[in-house]
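> If you want the building blocks of each chain, they are given just below.
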Amino acid sequence: MAESTNRPARPQRLVGAWWGPAVGLSALGFYASATLPADTPTREIYFNIPQGIWAVYVFMSALVGLLVYGFVRHSSLWSIGKPTPGVLRDVPQRLRNAIRLGMAQDKVRRDRYAGIMHWCIFSSIIVLTLVTAQVAIDADSPLDFLHGPYYLFFSFYGDLFGLIGLIGVGMALYRRYFAQMHRIRWDERLEDHLIIVGLGLVLLSGFFVEAARIMVTELEQHPDWARWSFGAFTLAKGLDVFGFEEHQLLSFHAAAWWFHVSMAFGWLGLIVFTRLDHIFFAPINAFFLRTDSPGRLAKIENIEEQEVFGVGFIQDFTWKQLFELDACVRCGRCTEVCPANISGQPLSPMHLIQDLKAHLANVGPAIAQHRHETGDAGREVSPVALIGDVIHDETLWACRTCGACVQECPVMIEHVPTIVDMRRYLVMSEARIPATAQAALENMEMRGHPWRGTALERTTWMEGLGEVPIFDGSQDYLYWVGCSGSLVERNLPITKAVFRLVKESGASFGVLGQEETCNGDPARRLGNEYLFQILAQQLVETFKAKNVQKVITNCPHCFNTFKNEYPQFDGNFEVIHHTEFLAGAMQTGALKATHAVNANVTYHDSCYLGRINGVYDAPRQILELVPGTNLTEMQRNLSKGLCCGAGGGNMWQEEVGERRVNHVRSEEAIGTGADQVISNCPFCIQMFEDGVPAIHPEEEGRMRPFDIAELLEKSVFGETVTAGEQSS
Amino acid sequence: MHIVVCAKQIPDPETPPAAFKIDAATNKVIPAAGIAPVLSQFDGIAAEAALRIKEAKGGKVTVISLGAESAQAAIKQVLAMGADEGVLLKDAAFDDGDSYTTAKALAAAIKKLGDVDAVFCGRQAADWDMGQVGLLVAEELGWPVAIIAKGVEATDSGLKIQRVLADGFETVEMPLPAVVTVSNEFGDPRYPKLPQIMAAAKKTVTPWAAADLGLDAGSVGKAGARLQLQKLFIPEKSSKVELIAGDTPQEQAAALVAKLVADKTL
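Protein chains in written order, with our numbering: chain A, 2 to 729; chain B, 14 to 279.
Derived by calculation from the structure, the hints in this document are not laboratory data.
Where a beta carbon is used, it is the ideal one built from N, C-alpha and C, also for glycine.
Some hints here could point you the wrong way.
Calculated lysine to any residue pairs in the SDA-like style (CA-CA distance at most 25 Å, straight line) [claimed, not checked]: (1) B:Lys235 / B:Ile43; (2) B:Lys206 / A:Gly313; (3) B:Lys34 / A:Arg453.
Okay, the calculated bits of chain A under chain B, using three or more residues with CB under 8 Å as the criterion [to be verified]: (4) 434-441; (5) 453-464.
In isolation and in its complexed conformation, chain A is listed as follows (with noise of 0.2 Å):
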């Protein structure tokens, strides 16, 4: 998923590619060595181990001829997906992200410990395979280049990254069985014991084995090559103490080298039973990963000749959604930050993704020999529904598509689309959803809004501000105001704070009023896809024929959806949040905040301009140019901001489970001791002004939840244009 665009770039920190660098420092020290006389140091390959030649090329044979058996019995699984358009639009950039994302492992790293715990993990592996590698060439290609200084570096390295890998076995286990319960351990089984057990004897077994060869041919024949390789040598050392005969030495060392060698063979088998195979899937998913807005939901292409709508059956997943399954690892780093779960809400998107691959590995075969016998989609094959059985009703509608976990996800799983794709299902193939959801998708369909009983109209906000500009093609801008922008009483003073605020800048636009509807935004994402598209086309069709250019949203899930998915209906407009107006006409000059508003404030970054369009930075330099303003920040910002609890459809259903989100989120805005909570959201507003005083009751002191619109408005006027009709 793309950070923000508009963030000042970061010195982009290497430490995730440094192997490039190291794999041609090593091909240089390769080739100086290779023109090295043969009398300089170096060790005998397959030293005490006759049969090692052999014995390493049958492992060998065995494990590619495993890595290929699971490549085909998972590709034979992910073949009954449906094809994934675009997939192979944007190469560059999918190179790029399977680089950036894959290699450099940009999203491992957001969390700290696990990124070098990782890392060091993984480069232990990059390099001890080269480092095997190198063994392989020098003894059986008729180059011969393992001796002289590059032998020594290469001894050197060889032991830095063993005991690298060791820091990252080490810190592994902690995690694991001494840490307090950790995200990694919700979904834990016996894999994950044997990966990382069996890579700490790998690892340690190499050192054991080397140690015994140096102190048979080195300790005292050539100490001084023996200690660039420090750890074995330390070991050697260490060891010598016992005062092994020889050949005890050499049986000792033939067992761990059988042992070593067996060990990592069987290790490196894993990939294709566990969820190592992730070294594979994750840089491959990575390439992969969508280039288009994360904002955006796929469009159902000529959705009237459709069979079955959305996703109700595994094979109707695109191949892509079926083949990220494989990538997960489990990590939990989705679960995490999950709204839904930290409400103790049912949904972790985990869960569900090993859900979804379980279900996969039972059915999928029967799938695809049924499609082979028969030809046609096998829906009937499974014995259970995917939606229902494998997947509960509730999960889906817990979702808030923030994007959180597909943010975090460190093998960059898309679980967003995959579950709108079953809630599309839910609701046009099976009509099951929950009544309040179901009362706004009617009322977008009756009456062009989701605000099911409202007392407001489209003009309603007008009232007091004089005149008001239609848009009539004349204009710069169209100010779109959205149903909750006009329909919804809190919502009100937000709108009219930015009508006044536009206004006051100098700007040229216009409003629709009466001829505003809903652009559909909750009903594609409560997956009602075919009502979202009637709505889309309407609204593109108005657009066009008032000859809209620019629009400038008070709400991010309008802004959002003008955005990235009116262009799939032929829409191209140029789309702006208030919020980069706002802080563009103050750049310029064109509103100028001059009263002190002498407020503590905290800033909600909104899921849909923050995490999904990446507009982090506007709202805060509004907030920085307000005077009198001071912002403590809430932990969860940013890009791992923590929903208000509305997105996805949620504003109109009943939560189930222990907490409401907007509570969570309105406890850690309380928490930083602020006295406003300022917000780019109507809906994160009216989440807020629900929230805070379940959290706390007592009206004084209380916390209030304001649009940085209002806030620029009391510092730009004085006071608000609401304050000034209460006071007349």
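Here the structure of chain A is known, so what remains is to put chain B in place on it, guided by the hints.
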């Protein structure tokens, strides 16, 4: 079993108060700009009751509406829920009728359909709230009627109805053919599945005029109506505020009590 559902399209009950206007000269509601008429909610529930019986016992559901061309939308909505056929009784002669003339036209249409076993109506239309049409249709057809049902079930011999009474419920059984009016206690109407919405969009609604039903234009609509609308108006709401004098809360309370006693409220 062939069930007819009578469905009415009404002005949206959720029209914001400020947008609800009346033309005093013609005694008619002025349709609010940009607010589309909707299916009366009780009729949607009647359709749900009919569809559940169809699902349990098989058969067919036909939806009939009397109204303007726009009522097609209400019929399509019931078709999308799963009804099989739609009939629109549309004729200038039907305009400005009352419950009696509406029931007369509906009953004529039901007779014309011929093989109907039961008629389900909403307990009342959510615009005028008269609750007469269902009863009058039964009268015209000469069939038994059970009103305000919260449960409807098909039995081997007829229908078993749970009725909502002022102080409880009663269960009655009735033979077919019969008329039932269904209440909101029955439950919510279903959300249509997309394949059915698309199938409904393709269905043609049969238009029947007064002549098709063998009705004389003089016996329906305004000409046949027995109810005369005298005046349609939005009641004026007013509130008067009187501040009770007094320096202390005790004095204010005493003054308030004196005032209430003088007004004979206490």
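> Among the hints numbered above, which are violated by the structure, and what are their numbers in rising order?
Per hint list: zero violations.
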